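K.L.:
Each of the two chains sits in its own frame; use the hints to bring them together as a complex.
Protein chains in written order, with numbering that gives the first Met the number 0: chain A, 0 to 69; chain B, 0 to 269.
Simulated from the structure, these hints should not be mistaken for lab results. These numbers were taken from a predicted model, which means no experiment stands behind them. Check the hints yourself; a few may be wrong.
[Said to hold, decoys possible] The calculated label-pair distances, taken between Cβ atoms and stated as ranges, are:
id, chain 1, residue 1, chain 2, residue 2, range
1, B, 229, A, 56, 15 to 21 Å
2, B, 22, A, 8, 31 to 37 Å
3, B, 77, A, 28, 32 to 38 Å
4, B, 114, A, 8, 41 to 47 Å
5, A, 10, B, 21, 56 to 62 Å
6, A, 42, B, 93, 24 to 30 Å
7, B, 256, A, 28, 24 to 30 Å
8, B, 110, A, 13, 32 to 38 Å
9, A, 28, B, 201, 25 to 31 Å
10, A, 8, B, 77, 32 to 38 Å
11, A, 12, B, 215, 40 to 46 Å
[What the hints assert, rightly or not] Derived list of chain B stretches under chain A, where covered just means 3 residues or more per stretch with a C-beta under 8 Å from a C-beta of chain A:
id, segment
12, 90-101
13, 155-167
14, 245-257
Note that CB positions come from ideal geometry on N, CA and C, so glycine has one too.
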Amino acid sequence: MKVIVNGTEADFVDGLTVRGLLSERNVKMPDMVSVELNGQVLKRVDFEKTVLKDGDKVEFLYFMGGGRWD
Amino acid sequence: MGLTEEQIERYSRHIVLRQVGGVGQEKLLSSKVLIIGAGGLGSPAGLYLAAAGVGTIGIVDADKVELSNLHRQIIHHTADVGLEKVKSAEAKMRAINPDVTVRTYHRRLKADNIREIIKGYDFVIDGTDNFPAKFLINDACYFEKIPFSHAGVLEFCGQLMTVLPGETTCYRCIFNAPPPVGAVPSCSQAGVLGVLPGVIGSLQATEAIKYLLGIGKLLTDTLLTYDALEMEFRAVKVSRNPNCPLCGKEPRITELKDEKPPVCDLKKVE
Numbered sequence: 000m001k002v003i004v005n006g007t008e009a010d011f012v013d014g015l016t017v018r019g020l021l022s023e024r025n026v027k028m029p030d031m032v033s034v035e036l037n038g039q040v041l042k043r044v045d046f047e048k049t050v051l052k053d054g055d056k057v058e059f060l061y062f063m064g065g066g067r068w069d
Numbered sequence: 000m001g002l003t004e005e006q007i008e009r010y011s012r013h014i015v016l017r018q019v020g021g022v023g024q025e026k027l028l029s030s031k032v033l034i035i036g037a038g039g040l041g042s043p044a045g046l047y048l049a050a051a052g053v054g055t056i057g058i059v060d061a062d063k064v065e066l067s068n069l070h071r072q073i074i075h076h077t078a079d080v081g082l083e084k085v086k087s088a089e090a091k092m093r094a095i096n097p098d099v100t101v102r103t104y105h106r107r108l109k110a111d112n113i114r115e116i117i118k119g120y121d122f123v124i125d126g127t128d129n130f131p132a133k134f135l136i137n138d139a140c141y142f143e144k145i146p147f148s149h150a151g152v153l154e155f156c157g158q159l160m161t162v163l164p165g166e167t168t169c170y171r172c173i174f175n176a177p178p179p180v181g182a183v184p185s186c187s188q189a190g191v192l193g194v195l196p197g198v199i200g201s202l203q204a205t206e207a208i209k210y211l212l213g214i215g216k217l218l219t220d221t222l223l224t225y226d227a228l229e230m231e232f233r234a235v236k237v238s239r240n241p242n243c244p245l246c247g248k249e250p251r252i253t254e255l256k257d258e259k260p261p262v263c264d265l266k267k268v269e
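For reference, chain B alone in the conformation it holds in the complex (with noise of 0.2 Å):
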């Protein structure tokens, strides 16, 4: 392919990066990744991987902009409320770096399709905020054999963890499936720290080049959780479950499903 000149000053200081060079470069502008959310975890992911020359991004999201996600989701500037989220962060990602093609699925991923828009992708980032899409991203990577990374944030934690499917643990073989109904605190009022998910968000985009680059060693088989208020960083050694329906000896889920979301009743939780 090679790097035309105005490639080589921009990503001049990747290049210069013995793990990275010309050839790794050249593998970034050729890669795919997929970021399913354009939320918290999404904004600096897609900021990030854009400004790397990651060649394709893939953006899902099905939300419209609102004054409540600024300040947090920082792909999203003010005079975005009320566009949808796709396009906003299209917007901003090409803005930064005109060599990435951005793809923008404007829908809200369900058994039924998200196995033919997350096939052909290298990587996808779980940057969702809720648990029947992240167990529905488990699964379907697991089915399509794409490596990614999953993430969760809540007040001031966070934590992540890449997953090679069917090789390292994955998100069924810690968690076996979404929380039961009631047990969730509260639903869309759940706060958290703005920074917080730009940290998480940031670790998960540097898995994702990591991977493409092949390079260093990934976040597999272990959970990193990230504590903002005691700034403490732990890596939970996890290791595959023989129990898990998905990856384990005896699978049990066999087919993509929608898992229920929990009843989300804030009375209730007051």
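Next comes chain A alone, as it looks inside the complex (with noise of 0.2 Å):
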């Protein structure tokens, strides 16, 4: 199936859920990340259980904050 990751397309095997979709593109602190799935921030506990479909848009959005805490 194919699924566009960041803007681009790429294919994977069938069944992938949004976790492993995070572990194969070495996503190294998944903490540190929200996914969109087709225009919608899935909650966190939902990333195990959503399995991607052909044609699916998938976001990582990274936290960013800055170079210093306080």
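P.N.:
What follows is the structure, encoded as structure tokens:
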């Protein structure tokens, strides 16, 4: 199946979940990512059970702070 | 109000723009923008908004200028090391444009002081560097109904989005809550290309000016991401989240509270 990830289409095995996609894409810190599926932000608890379909559009939206914490 | 001859000359390249004109310039001169954070994002935003003749600019920061700030925080100069950032920033903004009234707030924003500070401003620029502050600004601007520009930078990437509270996608619609403790890759040592916040902070100033003038299309319901290494901008469409804890159908956040900052343990990260 083809899924568009961050604007670029790629082939994936059928049955891949959002959680699986995160690890396939080597997202090292999934806690720092929000996932948007077809324009809707997914709940974090749904990453595991959400199975991707052909033609889905996924966006990884990263937490970005700044250079410093205080 | 009317512009003086000197102002007509100073702002002539604005005034000749059909979308600005003398009326728009007067609008800018009577506008109030609050910049939260006199750092990498706040530096270009402050300088450009002052140069543009935004009449009142507030600047909030609790820190002093450090040597390691200078590669990106261009409002501060080498001789300013050790000064309060707000004082250093005020001096540069006033030097660029004496038309501008600068209000300085040398303090850290908290749930119990942010509303009284942002009240009365037309637009807020989030130039902060930490997640608890970003969520606090998002929430406070929602309760006070003040439009703001969110932005963040990390390494070679940056992002921004304009929020019209209650109307367009807010920060919590996308990022429900701060990342969990321990998820953050590094703390005060996180790197950033010096020019990166310059790009993003300048875009934030652009959004502020567009909002104040009521021109163009704002960066609402869109997260603009910038990757300097790939030299790629992407406008990612986002939409209001019905499950948003702040502006969703069943809001859980009904008053301001301080989010806990994550534990900063550099040794653990190494």
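K.L.:
For residue 42/A and residue 93/B, compare the CB-CB distance with the range 24 to 30 Å and indicate the outcome.
P.N.:
violated, 48 Å
K.L.:
At least three residues with a C-beta closer than 8 Å to a C-beta of chain A: is that true for the segment 155-167 of chain B?
P.N.:
With 3 residues in contact (Cβ-Cβ under 8 Å with chain A), the coverage given for the segment 155-167 of chain B holds.
K.L.:
Taking 24 to 30 Å as the stated bounds, is the beta-carbon spacing between residue 256/B and residue 28/A within them?
P.N.:
holds, 25 Å
K.L.:
Is it true that the C-beta distance of residue 229/B to residue 56/A lies inside 15 to 21 Å, as the hint says?
P.N.:
holds, 20 Å
K.L.:
Using the beta carbons of residue 10/A and residue 21/B, state whether their distance is inside 56 to 62 Å or not.
P.N.:
holds, 58 Å
K.L.:
Does 25 to 31 Å hold as the CB distance between residue 28/A and residue 201/B, or does it fail?
P.N.:
At roughly 28 Å between Cβ atoms, residue 201/B and residue 28/A fall inside 25 to 31 Å, so the hint holds.
K.L.:
Given the range 40 to 46 Å, decide if the beta-carbon distance of residue 12/A to residue 215/B lies inside it.
P.N.:
holds, 44 Å
K.L.:
Does the beta carbon distance between residue 8/A and residue 77/B stay inside 32 to 38 Å, or does it fall outside?
P.N.:
Between residue 8/A and residue 77/B, where Cβ atoms are some 49 Å apart, the hint is violated.
K.L.:
Can the segment 90-101 of chain B be counted as covered by chain A under the rule of three residues or more with Cβ-Cβ separation shorter than 8 Å?
P.N.:
Check failed, 0 qualifying residues.
K.L.:
Residue 22/B and residue 8/A, beta-carbon distance inside 31 to 37 Å?
P.N.:
violated, 47 Å
K.L.:
How does the Cβ-Cβ distance of residue 110/B and residue 13/A compare with 32 to 38 Å: does it lie in that range?
P.N.:
violated, 47 Å
K.L.:
Go check the segment 245-257 of chain B versus chain A for me, would you? Three or more residues, Cβ under 8 Å, otherwise it fails.
P.N.:
violated (count 0)
The structure is inconsistent with the numbered hints 2, 6, 8, 10, 12 and 14, although it conforms to all the rest.
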